[in-house]
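Go by the hints and put chain S onto chain X.
There are 2 protein chains.
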Amino acid sequence: MNILYIFAHPEPRSFNSAMKEMAIKTIEEKGNEIRLSDLYSMGFKPALDQSDFLQRKDPDLFNPFLEQITASKEGTFSDDIMSEMEKIKWADVLIFHFPIYFTGMPAIMKGWIDRTFAAGFAFSPIKDRVYENGLLKGKKAMMVISTGAEEDWYSREGRHGDINELLRYISHCTFEYVGMEVLETHMIFGAGKMSSERVTEELERYQMRLNSIL
Amino acid sequence: MNILYIFAHPEPRSFNSAMKEMAIKTIEEKGNEIRLSDLYSMGFKPALDQSDFLQRKDPDLFNPFLEQITASKEGTFSDDIMSEMEKIKWADVLIFHFPIYFTGMPAIMKGWIDRTFAAGFAFSPIKDRVYENGLLKGKKAMMVISTGAEEDWYSREGRHGDINELLRYISHCTFEYVGMEVLETHMIFGAGKMSSERVTEELERYQMRLNSIL
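Quick mapping for you: the protein sequence lines, in order, are chains X and S.
Using the UniProt record's numbering, you'd call the opening residue of the first sequence number 1 and step up by one each time.
Using the UniProt record's numbering, you'd call the opening residue of the second sequence number 1 and step up by one each time.
One or more of the hints may lead you astray.
Claimed, not checked - Derived lysine to aspartate or glutamate pairs resembling DMTMM-like cross-links, with alpha carbons at most 20 Å apart: (1) S/Lys127 - X/Glu150; (2) X/Lys127 - S/Glu151; (3) X/Lys45 - S/Asp38; (4) S/Lys193 - X/Asp58; (5) X/Lys45 - S/Asp49; (6) S/Lys127 - X/Glu151; (7) S/Lys45 - X/Asp49; (8) S/Lys45 - X/Asp38; (9) S/Lys127 - X/Asp152; (10) S/Lys193 - X/Glu151; (11) S/Lys57 - X/Glu11; (12) X/Lys193 - S/Asp128; (13) X/Lys139 - X/Glu151; (14) X/Lys57 - S/Asp49; (15) S/Lys45 - X/Glu11; (16) X/Lys30 - X/Glu204; (17) X/Lys137 - X/Glu181; (18) X/Lys193 - S/Glu150; (19) X/Lys127 - S/Asp152; (20) X/Lys140 - X/Glu33; (21) X/Lys45 - S/Asp80; (22) X/Lys127 - S/Glu150; (23) X/Lys140 - X/Asp92; (24) S/Lys45 - X/Glu151; (25) X/Lys25 - X/Glu202; (26) S/Lys193 - X/Asp128; (27) S/Lys57 - S/Glu74; (28) X/Lys45 - S/Glu11; (29) X/Lys193 - S/Glu151.
The set of hints was computed from the structure by calculation and includes no laboratory data.
Excised from the complex, chain X in its bound form (with noise of 0.2 Å):
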């Protein structure tokens, strides 16, 4: 199996960084290929803006969605878009792991979202090549997140609310609607403050769930 690993956290040493680090050696060892997109390390562009495009369809007035229909047709993305999409088109499956920022991806990881997932190549709406018919038809993506908060605040009486629902605008309004089939969210709640005995246990736990999806 095909898997790509998009990471966003900016800190190598870090409990996250420790999970990615383990997942690797995980999904290597079940000998499955495994090709990582280090956000923060590749030093990523997360704004979707002009120079995403190395030719413009209309050169005096930017439609971000009209220009990646264009560029996905002609295959003029930059080049940093580029080789993010060509590691697409290879996985099988696709695990997005941050920490929550805001209920959300960190501004790093909405930018992938935003900038490769392009109209024209995961997605288009004016043929509905979206959800049963999206474009990344076939492949599974899954979240791994970690919160601050405890899991009482992310349930449905809490005071975020249900996690699962205020997640679906990435489970289904995204990953869905471009097509991919969506695994349930790997979840650690209250990540701020870990002992160490905690760290080996939910590193276990991440390794258990690895090796029942590989």
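The following block gives chain S in isolation, referenced to the frame of chain X:
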């Protein structure tokens, strides 16, 4: 009234930019003060990282939450963040105006939230300064969004689902979390293909909405 207008569209001649220009004029004509954070034209840095901090609480291990708590006490955020925080303190109402990318904010706007709504400045979970005690209590927030999808896609029975539920991670878990009162989101659906008549109508409808809150 003091209005902070946070805007995220890369094209100065887009429909969204026309809405923004009209909004500035309307707000000023009513005798209110406005400050603009036009994130693309400012070249605002989206990714929260080590360079956000002029001094480090822990130079060896970068923990964004702990560094934000310290920098909020000491006033040691990088200049671009300090400058946005001054605008936030000054504002009575924050208007977040952006085109929907994957049922969320463009990365550049998510980055503005990640970096300026810092722990210790906008909220403090340790001291229970969240939600009704959030540090930005007394301020109001409003989203102004445009989306390519038609309105029926974002209805309860639609393919995406109820847009107000999908955006709850922003309205509730971000804006209400930091203590702000949330005004009804102003939405423009089907913004990808609008006749000039519809453009005029939408500008008027937005102007009426602004007048109702000023």
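**Message:** Given the hinted pair lysine 57 of chain S and glutamate 11 of chain X, is their Cα-Cα distance within 20 Å?
**Reply:** Given pair lysine 57 of chain S, glutamate 11 of chain X holds - Cα atoms ~14 Å apart, limit 20 Å.
**Item:** Proposed proximity, glutamate 151 of chain X with lysine 45 of chain S (alpha carbon, max 20 Å)
**Value:** 31 Å, violated
**Item:** Restraint check for lysine 193 of chain S with glutamate 151 of chain X, where alpha carbons must lie at most 20 Å apart
**Value:** Measuring from Cα to Cα gives roughly 43 Å; hence the hint is violated.
**Asked** Do the alpha carbons of lysine 45 of chain X and aspartate 49 of chain S lie within 20 Å of each other, as the hint requires?
**Response** Satisfied, since the Cα-Cα distance of roughly 13 Å is no more than 20 Å.
**Request:** For the pair supplied as a hint, lysine 45 of chain X and glutamate 11 of chain S, confirm whether the alpha-carbon distance does not exceed 20 Å.
**Result:** Roughly 18 Å separates the two Cα atoms, so the pair holds.
**Request:** Quickly compare the C-alpha distance for lysine 45 of chain S and glutamate 11 of chain X to 20 Å and report which way the hint goes.
**Result:** Given that 20 Å is the threshold and the Cα spacing comes to 18 Å, the pair holds.
**Request:** Sort out whether glutamate 181 of chain X lies within 20 Å of lysine 137 of chain X, counting only the CA atoms.
**Result:** Since the Cα atoms of lysine 137 of chain X and glutamate 181 of chain X sit roughly 8 Å apart, the hinted pair holds (cutoff 20 Å).
**Request:** With a cut-off of 20 Å on the C-alpha distance, tell me whether lysine 193 of chain X and aspartate 128 of chain S pass.
**Result:** 16 Å, holds
**Prompt:** Between lysine 140 of chain X and aspartate 92 of chain X, is the straight-line Cα distance small enough, at 20 Å or below?
**Reply:** 6 Å, holds
**Item:** Given hint glutamate 151 of chain S paired with lysine 193 of chain X - CA-CA distance at most 20 Å
**Value:** Not OK: lysine 193 of chain X and glutamate 151 of chain S at ~43 Å, beyond 20 Å, violated.
**Message:** Given the hinted pair lysine 57 of chain X and aspartate 49 of chain S, is their Cα-Cα distance within 20 Å?
**Reply:** 34 Å, violated
**Prompt:** Hey, lysine 139 of chain X versus glutamate 151 of chain X, does the alpha-carbon distance stay inside 20 Å?
**Reply:** 29 Å, violated
The structure is inconsistent with the numbered hints 10, 13, 14, 18, 24, 29, although it conforms to all the rest.
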